[in-house]
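J.: If you want the building blocks of each chain, they are given just below.
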Amino acid sequence: MVASTTGTPTEARVWELLEEVTDPEVPVLSILDLGIVRAVRVAGPQVTVTITPTYSGCPAMNTIATDIRLRLLAEGITQLTVHNQLSPAWTTDWMSAAGRAKLTAYGIAPPVDGTATGHVLNLFGKATAVACPLCGSAHTQLVNQFGSTACKALYQCQDCREPFDYFKCH
Amino acid sequence: MDHPADLQPAPAAIAHAPTVRQQLFEFVLQLADTSLVLGHRLSEWCGHGPVLEQDLAMANIALDLLGETRSLYQYAAQLEGQGRTEDDLAYLRPATAYRNPLLVEQPNGDFAHTVVRQFLFDNYHYHLLLALKEGPDAPLAGIAEKSVKEAAYHLKWSSEWIIRLGDGTAESRQRLDKALATLWRYAAELTTPTATETALQGLGLVPDYADLLPAMQAHAAHVLAEATVPAPQVVPFAQRGGKGGQHSEHLGYLLAELQYMQRAYPGLTW
Numbered sequence: 001m002v003a004s005t006t007g008t009p010t011e012a013r014v015w016e017l018l019e020e021v022t023d024p025e026v027p028v029l030s031i032l033d034l035g036i037v038r039a040v041r042v043a044g045p046q047v048t049v050t051i052t053p054t055y056s057g058c059p060a061m062n063t064i065a066t067d068i069r070l071r072l073l074a075e076g077i078t079q080l081t082v083h084n085q086l087s088p089a090w091t092t093d094w095m096s097a098a099g100r101a102k103l104t105a106y107g108i109a110p111p112v113d114g115t116a117t118g119h120v121l122n123l124f125g126k127a128t129a130v131a132c133p134l135c136g137s138a139h140t141q142l143v144n145q146f147g148s149t150a151c152k153a154l155y156q157c158q159d160c161r162e163p164f165d166y167f168k169c170h
Numbered sequence: 001m002d003h004p005a006d007l008q009p010a011p012a013a014i015a016h017a018p019t020v021r022q023q024l025f026e027f028v029l030q031l032a033d034t035s036l037v038l039g040h041r042l043s044e045w046c047g048h049g050p051v052l053e054q055d056l057a058m059a060n061i062a063l064d065l066l067g068e069t070r071s072l073y074q075y076a077a078q079l080e081g082q083g084r085t086e087d088d089l090a091y092l093r094p095a096t097a098y099r100n101p102l103l104v105e106q107p108n109g110d111f112a113h114t115v116v117r118q119f120l121f122d123n124y125h126y127h128l129l130l131a132l133k134e135g136p137d138a139p140l141a142g143i144a145e146k147s148v149k150e151a152a153y154h155l156k157w158s159s160e161w162i163i164r165l166g167d168g169t170a171e172s173r174q175r176l177d178k179a180l181a182t183l184w185r186y187a188a189e190l191t192t193p194t195a196t197e198t199a200l201q202g203l204g205l206v207p208d209y210a211d212l213l214p215a216m217q218a219h220a221a222h223v224l225a226e227a228t229v230p231a232p233q234v235v236p237f238a239q240r241g242g243k244g245g246q247h248s249e250h251l252g253y254l255l256a257e258l259q260y261m262q263r264a265y266p267g268l269t270w
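Going down the list, the protein sequences come from chains A and B. Read the first sequence against the numbering used here and you will find it ends at 170, with the numbers running on by one and no gaps. Read the second sequence against the numbering used here and you will find it ends at 270, with the numbers running on by one and no gaps.
Hints were generated in silico from the structure; no laboratory data involved. Just so you know, even glycine gets a beta-carbon here, dropped at the ideal spot from N, CA and C. Treat the hints with care, as some may be off.
[Said to hold, decoys possible] Partial chain B-side listing against chain A, Cβ under 7 Å, derived:
hint	residue
1	GLU53
2	ASP55
3	ALA57
4	GLY142
5	SER159
6	GLU160
7	MET261
8	ALA264
[Stated by the list, open to error] Below, a list of computed lysine to any residue pairs in the SDA-like style, where the Cα atoms sit at most 25 Å apart:
hint	chain 1	residue 1	chain 2	residue 2
9	B	LYS156	A	SER87
10	A	LYS126	B	THR228
11	B	LYS178	B	HIS113
12	A	LYS102	A	LEU32
13	A	LYS126	B	LYS178
14	B	LYS133	A	PRO88
15	A	LYS126	B	ALA195
16	B	LYS156	A	PRO24
17	B	LYS156	A	ASP165
18	A	LYS102	A	PRO24
19	B	LYS133	A	SER87
20	B	LYS133	A	TRP94
21	B	LYS156	A	LEU32
22	B	LYS133	A	GLY35
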């Protein structure tokens, strides 16, 4: 059921609304695709949404919290708290399959599973093999572990020569 | 730092006795000051990096450190419970109240100098966070759990650059040697506990630094060997004092810039 005029929403409706809130830096991804919404609690008119940051310094988190407020406000939900929860720490494993497909279509290579921390200190180790999201070639090269935003690394395709972002594992 | 009215830190359950709570406040503040000052130093490179990729790398690391700083200041403010906010702690304390070790306030110098400063810090930071994330204080463990993933990337970056510069050209080697000779004396302060840290170590809230040293020394030895650089001698006149509020003249200039807006326009928000 949708939020009633008394302003008492259901938890399911809040989740539906959250699906419409997108990452301001990767607008094809909803925050549910990203896997950053950890919990929704509804107690009468009071709604609490708990989100977890992708990276500690991610400047998108404040914007996302404001966007959640605006989306829920449009539905008549006025009593909202958005909590920022650090633990358990977000991992790219929480990104949905739909989210990964949307990223590729958008031109960003999605995280390759099983390449998160652990191998990080392998100095000058072989870079993660990432398929080019534009031409599909596996013949790609890591240009910079630090990319245009905290969550991305910069790669270049050796076949189509296009540079592309890789949503790095975490 | 802005005022994230919509995003609130998850409330932390704080169950420490008042004395311990005060000590933990001081320790968390020290960690926050350290990340803030080093993050600010790194951000001074923005637009001045030797190549675009490394300019981006340093700005990214600065942003990670600033993110960790905010979490730490928020927690410190909760521990203190006097109504001060993360912004008050960052912008409204004088240099003598800052508790960062001297290493992180040292000026950037050339790229090799920045890399050595970062390597000495990252090697300590990464191993400290690994231990803190297993610690008994849940909020601090949560911050460490988040930040250690980022710190691993930082340590990889600075370690690889030590190797490139040391095993690179005569010019890069000479610059690395000079930076090591200048900065090595600041490393010991990182793992020399203050009275507060010693008290918290006794309670198990802060890891015993003696337990961190073997892994730190092993990593440093590996990286320096790869860089073909002999390990610097232990200096008899190690520089310390920052964790007790006795700073070099560099911190005052740094804070003058960092705090300018709040000092000139108190209460200003974006």
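J.: Determine for every hint whether it applies to the structure shown.
T.: Now the hints, each set against the structure:
1. Because the smallest distance between the Cβ of B:GLU53 and any Cβ of chain A comes to about 4 Å, under 7 Å, the interface hint for this residue holds.
2. Of the supplied interface hints, the one on B:ASP55 is violated, with its beta-carbon coming no nearer than about 10 Å to a beta-carbon of chain A, more than 7 Å.
3. The beta carbon of B:ALA57 is positioned within 7 Å of a beta carbon in chain A (closest approach about 4 Å), and the interface hint is therefore held.
4. The interface hint given for B:GLY142 is met, as the beta carbon of that residue sits about 3 Å from the closest beta carbon of chain A, less than 7 Å.
5. Interface restraint check: B:SER159 against chain A, minimum CB-CB distance 5 Å, threshold 7 Å, status holds.
6. For B:GLU160, the interface hint holds, since its Cβ comes within 7 Å of a Cβ in chain A; the closest pair sits about 6 Å apart.
7. Taking 7 Å as the C-beta contact cut-off toward chain A, the hint placing B:MET261 at the interface is violated, the least distance being around 18 Å.
8. Because the beta carbon of B:ALA264 sits about 24 Å from the nearest beta carbon in chain A, more than 7 Å, this interface hint is broken.
9. At most 25 Å may separate the alpha-carbon atoms for a hinted pair to count; B:LYS156 and A:SER87 meet this at roughly 24 Å.
10. For the proposed pair A:LYS126 and B:THR228, the alpha carbon gap of about 22 Å is at most 25 Å, so the pair holds.
11. For a cut-off of 25 Å, the pair hint linking B:LYS178 to B:HIS113 stands: about 8 Å separates their Cα positions.
12. Restraint check for A:LYS102 and A:LEU32: satisfied, since their Cα atoms lie roughly 12 Å apart, inside the 25 Å limit.
13. Between the alpha carbons of A:LYS126 and B:LYS178 the distance comes to roughly 31 Å, so the proposed pair goes past 25 Å and is violated.
14. For a cut-off of 25 Å, the pair hint linking B:LYS133 to A:PRO88 stands: about 11 Å separates their Cα positions.
15. Of the supplied pair hints, the one linking A:LYS126 and B:ALA195 is violated, its CA atoms being roughly 44 Å apart against a limit of 25 Å.
16. Distance restraint check for B:LYS156 and A:PRO24: the Cα-Cα separation of roughly 29 Å exceeds the 25 Å cut-off, and the hinted pair is therefore not satisfied.
17. With a CA separation close to 20 Å, the supplied pair B:LYS156 and A:ASP165 stays within the 25 Å bound.
18. About 15 Å separates the Cα atoms of A:LYS102 and A:PRO24, which keeps this hinted pair within 25 Å; it holds.
19. In summary, the hint linking B:LYS133 to A:SER87 is supported, as the alpha carbons are separated by about 10 Å, within the 25 Å threshold.
20. The straight-line distance between the Cα atoms of B:LYS133 and A:TRP94 is roughly 20 Å, inside the 25 Å bound, and the hint therefore holds.
21. Distance hint between B:LYS156 and A:LEU32 is unfulfilled; the C-alpha atoms sit about 31 Å from each other, more than 25 Å.
22. Distance check on the hinted pair: B:LYS133 and A:GLY35 sit about 22 Å apart at the alpha-carbon level, within 25 Å; holds.
Hints 2, 7, 8, 13, 15, 16, 21 from the list above are not met by this structure, while the remaining hints are.
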